[in-house]
Structure formats: structure tokens, C-alpha cells
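**Student:** Protein chains in written order, with the working numbering: chain X, 117 to 248; chain Z, 117 to 248; chain G, 117 to 248; chain Y, 117 to 248; chain L, 117 to 248; chain B, 117 to 248.
In case anyone wonders, no lab produced these hints; they're calculated from the structure. Hints are not guaranteed to be accurate.
Identical copies go unnamed one by one, so any copy, or any two together, can satisfy a pair.
Said to hold, decoys possible - Cut-off 25 Å, straight-line C-alpha distance, at most; resulting in silico cross-link-like pairs (SDA-like, lysine to any residue):
hint	residue 1	residue 2
1	K246	P175
2	K246	E131
3	K210	G176
4	K246	G176
5	K210	A126
6	K144	Q195
7	K163	P180
8	K170	P248
9	K163	E240
10	K246	Q171
11	K163	D179
12	K246	P130
13	K246	A134
14	K210	P130
15	K246	G197
16	K144	K246
17	K163	V132
18	K144	G209
19	K246	G211
20	K210	A128
21	K210	E131
22	K246	M140
23	K210	S129
Number of protein chains: 6
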Amino acid sequence: MSIFGLIEYADASPEVRAVYDDIMATRKTDWINNFWKAIAHDPAMLKRTWQDIKQIMAPGALDPLTKEMVYLAVSVSNQCGYCIASHTAGARGKGMTDAMFQELMAVVGMANETNRVVAGYQVEIDERFKTP
Amino acid sequence: MSIFGLIEYADASPEVRAVYDDIMATRKTDWINNFWKAIAHDPAMLKRTWQDIKQIMAPGALDPLTKEMVYLAVSVSNQCGYCIASHTAGARGKGMTDAMFQELMAVVGMANETNRVVAGYQVEIDERFKTP
Amino acid sequence: MSIFGLIEYADASPEVRAVYDDIMATRKTDWINNFWKAIAHDPAMLKRTWQDIKQIMAPGALDPLTKEMVYLAVSVSNQCGYCIASHTAGARGKGMTDAMFQELMAVVGMANETNRVVAGYQVEIDERFKTP
Amino acid sequence: MSIFGLIEYADASPEVRAVYDDIMATRKTDWINNFWKAIAHDPAMLKRTWQDIKQIMAPGALDPLTKEMVYLAVSVSNQCGYCIASHTAGARGKGMTDAMFQELMAVVGMANETNRVVAGYQVEIDERFKTP
Amino acid sequence: MSIFGLIEYADASPEVRAVYDDIMATRKTDWINNFWKAIAHDPAMLKRTWQDIKQIMAPGALDPLTKEMVYLAVSVSNQCGYCIASHTAGARGKGMTDAMFQELMAVVGMANETNRVVAGYQVEIDERFKTP
Amino acid sequence: MSIFGLIEYADASPEVRAVYDDIMATRKTDWINNFWKAIAHDPAMLKRTWQDIKQIMAPGALDPLTKEMVYLAVSVSNQCGYCIASHTAGARGKGMTDAMFQELMAVVGMANETNRVVAGYQVEIDERFKTP
């Protein structure tokens, strides 16, 4: 159950509870997943990571569902089991249908394939793709 | 310029030209980028890869821009220079603004960060995230 | 329990026992972890890997704890579950405190984040960072 | 020179200049490297990334040189060219000698080797390495 | 048991059964492994992936055992647990002996080691290794 | 030209020359590629790495060409530019034809694709694939 164990709300310091409260309020849930309880042993990291995620995953030029699916795509590409499970749940909660998940996996698979083919064939960047 | 050199349209076999024609027709362009010219030395691979990409990147449950950004996100995560350059161009051609690119990079960076933190802390999957 | 099973000391050939003995003597322990028992089916690999690790992890310009933490950092970055578990134990045995582990994870996470941001933004190497 | 070009100090907004100033003051230098100039097009990201790095790389339970070498080790493991060049310079600036660099590379190489051998042999985690 | 559960033959649509039948006929077996049952929820992906694998893994300039061992080597390098287990079985079924597996792992480990050493030392490509 | 520059034969110590001589004799060539000249600044690493590669890449249960192609496949999967260039040359020198290279790339691409699809669908290992 994680290297230092999990810090439950009841056992958390006020500093940690404040982050837990903000997570639950922002996500409109009464539940904290293991990731946060695991890193809560390092309150500075807990706070910094949550603030970053809160800022980055907020609606902006990209909508929250797109962001969540990108997060999932990267986690799948990196083969992080926990991240795949949690962000699949997160994306579904934001509206990802089964069909969307399936297309997402197809794109992730294809990208991983061609990324290596490009490397193996040593393909040079086209002039018009180069940055100025 | 790639391991076997690049096969230009003028020098291509009818089999290869048929794929080039379909790429240009599908993408509504008169231009073929280096990736296809590099793998055209293996016509079976050229044809198979194009057919897969054509099928996978077509509009469906996810729109083409979202798919292109996911492709870019994976390529960035894998640090494939050619793929980053070509899919940045591709995503821009489909409507990705600078603000969308910037948010995309923020999500990709964050996902790569937490993927490793999860691994290092050995966080176990929450019961409610598990598949049945 | 590993692809060929684990070779216990009692069942080991003299060649394998010699390596086991050296591991235990070098590490001042009476115990062999699964990694060595798993690869002992290939005595040449067992011997070569142990000799390399013994040489590389010995005190030198870097102290053994720093080396062990670097080993852990790479294993976390690669998301190798076994390696994370064994090198976390190894680093703790050499003096890594909880606070050191937490800071280590923060650095590993940050490096993985910026590695991708650099790739996505296609940042060119500064002149003064280039090798001669 | 990066996807949006580089924002030089003279052309920067007050918001961006404030970050540049803090980078130079913290690092006791009069120079900003390309990474910051590239992401400065997204001031929120510039500010967030710098604050995170400033907090994470500060002296703590681990000294700044150790942190910088861990950053380099991860960047090498991920094969990020820019990051390797910049963090090699950074580590040298903090006191990494040639001998330290060489030992660092040996550890990184070894870790990457055994990470895969462990995976291939499907080695199970020893009971005593498991988290409670 | 996979995100959507596994589709057994008895419950499969005619479209899915046709692929299952071809897999069993091609592999001369009466058994379908979980990978296919998991992606069968997306019949287009099932069909496309099987057709690609059937074409790519067929005897050609490389024999099927060599291809299977390369598949395993990549899966080990990527640390994909399922893929390692299934392709180890696949390679053994095609004739991979224990000694061949052991040498394969040694090569995979070595390649992963030197890939990083090359990156860390920033070794430039020799003129005679460059593509024309 | 690498972080410490390259050590040419004429400038090498007797210890380094002995390794260079063995590389040239083993490979039946009068030429040393940059990798060795780059790491020769650390004679212990030069010697250890060469001895490992000499042992691992020697004919055994797998022939040298197969080993070289596996090395290339892993290097492509890791996207190591130098390694891809040098091991493509190495494999060609041992008899890899264009057709063999093309099939190799197809397998590497496919493996990278399905490795991620497996992760995303969270496919469990079949009972009969499990190690005892």
C-alpha cells in the first residue's frame, strides 16, 4: 500500500487536510484516491503537485475531457498501471465513452509504432516542418 | 536523407504512386512528406501503414484534431524529433492554436512527472479503479 | 517466481555458489535476493553482471549511497517494479532517509516533466552547452 | 530555435522579466538558457515550472550537486539531448568532476541493463522488499 | 480481466468469430489468448491488428522464430509484462531454447546499457555510419 | 564530438591501445568507431564494456547476425540515433539485407504498438503464460 503507507483524512495534519479538502471541492467528490494519500508524507510535494494539476487540468483552450484523455494516452504510452487505471476512471467521469476509449488506444498504438519506424529509417525532418 | 533515400513521385512504381495519390487526395494536398517516401522502399509496409493511419485518424468518436493532438502528445512523450515536427504541423493544419499547443505540452509534462512519482512511491491501485 | 524458477544456494553449482558467496561477503549479508537466483541459470551472465555491479557500485568519486540513489532514480524513471523495490531497500540500507527519498522522487518527476517539455517545444542546445 | 522562437529579456513582458530576474538571481548568473526563453510564450508555464524547479532543486536532505546529477541521470536515461547538455553543464558548475561524470554514466548504463533483465526473467519481488 | 472484460468465442459476433477462426487456423491451435479477447470489443481494431500481425510475422526474409524473438526483445525493453509472458511462450513454441532466451536477454540488457552511455557521452555519428 | 573529445589510437595509453587492438582483431577491421574513442577517457569502463560486448555478441545459441539485429531493434525502440546508425552498419556487415531490415522494422513497430494497446486495455496474463 505504497512505501510509507497511506495517510487517511482522519490522520492528516491541517496542512494536508487543506489540500484534501481542495481536491474534493474541486472534483466535487467526497473521496481521495491513493496517489494523494501516498505522497502526503511530503506535504510540500502534495501541495505543489495538486496546485500544478489543478492549474493544468482546468478548462482552457482545451476542455477537461481532452486533457484527461491526453493524460491517459501518455500514461498508456509509459505503461504506468496505476495511472492508466486512475485516468481511465477520470476520463470516463468526464464523459469518455467506450468508443472514444477505443479510438484513443488505436491512436496511441499507431503513434508508438510510427515513432519507431521513423527512428529506424532515420527519416530527416522535411524543410517545411522545421521551426524558423 | 533516410537509410534507403527517398522515393519521389516521379520515380515511384504504380503501386507506390497509388498510395501517394490516396494520401494526397485524403489530405487534400499536393505534397508527400519524407516519412512515406522513406518507407516506400517496402511497398507492403507503405500500404499497410497508410491504410491503418487513414482508418485510425478518420473522424469517429473523436474528432481529427483531438486525434492529431494525442498523436503529438505520444510523440513528445517518446521524444521522436521527426514525429514531433510533423504532427505539430499536422495538428496546426487541423486547427490547433498556440494556446492549445501550450496546454497540451503542460499536460504531457505533468503526466510524465506523476507517472514516475506513482512508480517510485509504489502506489497501489484503488479498489474502485480496478477492472471487474 | 521467474521464468526458470530460482536457484537456491543449496542447489547451486560450485560456480554459482562462488558468486553467491562473493555477493554475500561484499554486501555483508547472509542473503541473496531473487534477481541473482533468477539469472543463475546462465552462470556466465550471473558472473558478468555481478562483477560489473561490484565494480561500478564500489566507492569511488561518488559514494555508494549516491550511486544507489541514482540506480533507484533510473529504475523509477523506467518504471521497473522489482528494481524500485530492491534499490529502495538498498538505498535505505546505505543511509537514505525518508526525506532523501522524497526529494529524490521530486527530482525524478521534475526531470521527466521537463525532458518532454523540451522535446515538445523543440528547444535547441545553447551554444555554451555544446561539446567542443 | 524552438517552436515559437525565443523570447529575449529585452522583448519580454514585465511578468516574464520577473521570472528571468529570479532565475538569474537564484543562479547567480547574468544569463538565461534557451529552455526558459522557449516556454516564456506561456507565462503561466514559465512561472510554474521555475517555481517548481527552484523549490525542488534547493538544498535540503540532498545537496544541490546530487540533485543535479540525478536530473542528469534521468535525462540520459530518457535520451533527451538538450537536457543532457544543459544538466551536464549545470552539474559541472556545481562541482561534478570528470571522474564523477564517468561513474554516473556507468551506474545509469548498468541500471538500464538490469531493469530489462529483471523484466525479461520475470523476477518476482522478494518478500522482504515489499511495502507493508 | 481487461477493461471491458473478455469476449469468449461462444459470445462473439460472426465478425469477431471470423478473426478468431483465422487466428486459430494460422497458429494451428484451438485457443485464443486474452489480448484478442480484450480488443474484440472494437472489431475494427481486432481485424486490423490481426491482419497486420499475420502479415508481419509470416515467414519472409526473416524466419518466424527470429521475428518472435525480436518481438520479445522489444517487449522486454519496454517492460510490458503481458507481452513478455505471451511472446516468451510464442518464441518457445517456435523453437527458442533456454540458451537462446538467455543470450537474447544478455543482448537486450547490453543494448539498453550502451544506448544510454552513448547519449550521456554525446557521441557523434561516425562519417561512415551516416546515410547518404 | 563527445563530451571529453575522442581519444585516437596515436594518443592512447597502452591500456587503451590494448582494448583498441582487441576490438580491431576481433572485428577484423583497422578502424575504431567513435563510441569507443569517447568512453576511452574512462579506461575501466572501456575495458569492461568491450569485454561484455565481446562475450555477449560472440556466436552461441544465437548467431552473430541475429544478435546484431536484436541490438538494432532495441536501439530503434529506444530511439538512440548513434546506436541505430552504428548497429545498422554492423548488421549489414554481418549479412542483413534490405529486405531483412524492412521486416525487422515492421516487427519493431508492431511490438511497440501492441505493447501499449495491452497496457491500455489492462489485459491480464493468461494462466498458461504464467511462470510456475
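**Student:** Evaluate each hint against the coordinates.
**Tutor:** Outcome of the hint check:
In this homomeric assembly, K246 and P175 never come within 25 Å of each other (Cα to Cα): the closest approach is 30 Å inside a single copy and 27 Å across copies. Proximity of K246 and E131 under a CA criterion of 25 Å is satisfied in neither setting, with 47 Å inside one chain copy and 29 Å between copies. For the homomeric pair K210 and G176, the shortest alpha-carbon distances inside one copy (15 Å) and between copies (18 Å) are both at most 25 Å. Proximity of K246 and G176 under a CA criterion of 25 Å is satisfied in neither setting, with 27 Å inside one chain copy and 30 Å between copies.
In this assembly of identical chains, the alpha carbons of K210 and A126 never lie at most 25 Å apart, being 29 Å within a copy and 34 Å across copies at closest. Taking the shortest alpha-carbon separations for K144 and Q195, neither the intra-copy value of 28 Å nor the inter-copy value of 31 Å comes in at or below 25 Å. When the C-alpha separation of K163 and P180 is checked against a cutoff of 25 Å, the pair qualifies both within a copy, at 21 Å, and between copies, at 22 Å. When the C-alpha separation of K170 and P248 is checked against a cutoff of 25 Å, the pair qualifies neither within a copy, at 33 Å, nor between copies, at 29 Å.
In this assembly of identical chains, the alpha carbons of K163 and E240 lie at most 25 Å apart only when taken from different copies (21 Å versus 43 Å within one copy). In this assembly of identical chains, K246 and Q171 lie within 25 Å of each other by CA distance neither inside one copy nor across copies; the values are 31 Å within and 27 Å between. For the homomeric pair K163 and D179, the shortest alpha-carbon distances inside one copy (24 Å) and between copies (22 Å) are both at most 25 Å. In this assembly of identical chains, K246 and P130 lie within 25 Å of each other by CA distance neither inside one copy nor across copies; the values are 51 Å within and 30 Å between.
Proximity of K246 to A134 under the C-alpha cut-off of 25 Å is found in neither arrangement, the shortest distances being 46 Å within a copy and 28 Å between copies. In this assembly of identical chains, the alpha carbons of K210 and P130 never lie at most 25 Å apart, being 30 Å within a copy and 33 Å across copies at closest. In this assembly of identical chains, the alpha carbons of K246 and G197 lie at most 25 Å apart only when taken from different copies (10 Å versus 35 Å within one copy). Taking identical chains as interchangeable, the C-alpha atoms of K144 and K246 lie at most 25 Å apart only when they sit on different chains, with a minimum of 21 Å there against 44 Å within one chain.
Taking the shortest alpha-carbon separations for K163 and V132, both the intra-copy value of 8 Å and the inter-copy value of 24 Å come in at or below 25 Å. For the identical chains of this complex, K144 and G209 are intra-copy neighbours only, at 11 Å inside a copy versus 37 Å across copies, given an alpha-carbon limit of 25 Å. In this assembly of identical chains, the alpha carbons of K246 and G211 lie at most 25 Å apart only when taken from different copies (18 Å versus 36 Å within one copy). With identical chains, the CA atoms of K210 and A128 are never at most 25 Å apart, being 29 Å at best within one copy and 30 Å at best between copies.
Proximity of K210 to E131 under the C-alpha cut-off of 25 Å is found in neither arrangement, the shortest distances being 29 Å within a copy and 31 Å between copies. With identical chains, the CA atoms of K246 and M140 are at most 25 Å apart between copies only, with a shortest distance of 21 Å across copies and 44 Å within one. Taking the shortest alpha-carbon separations for K210 and S129, neither the intra-copy value of 31 Å nor the inter-copy value of 30 Å comes in at or below 25 Å.
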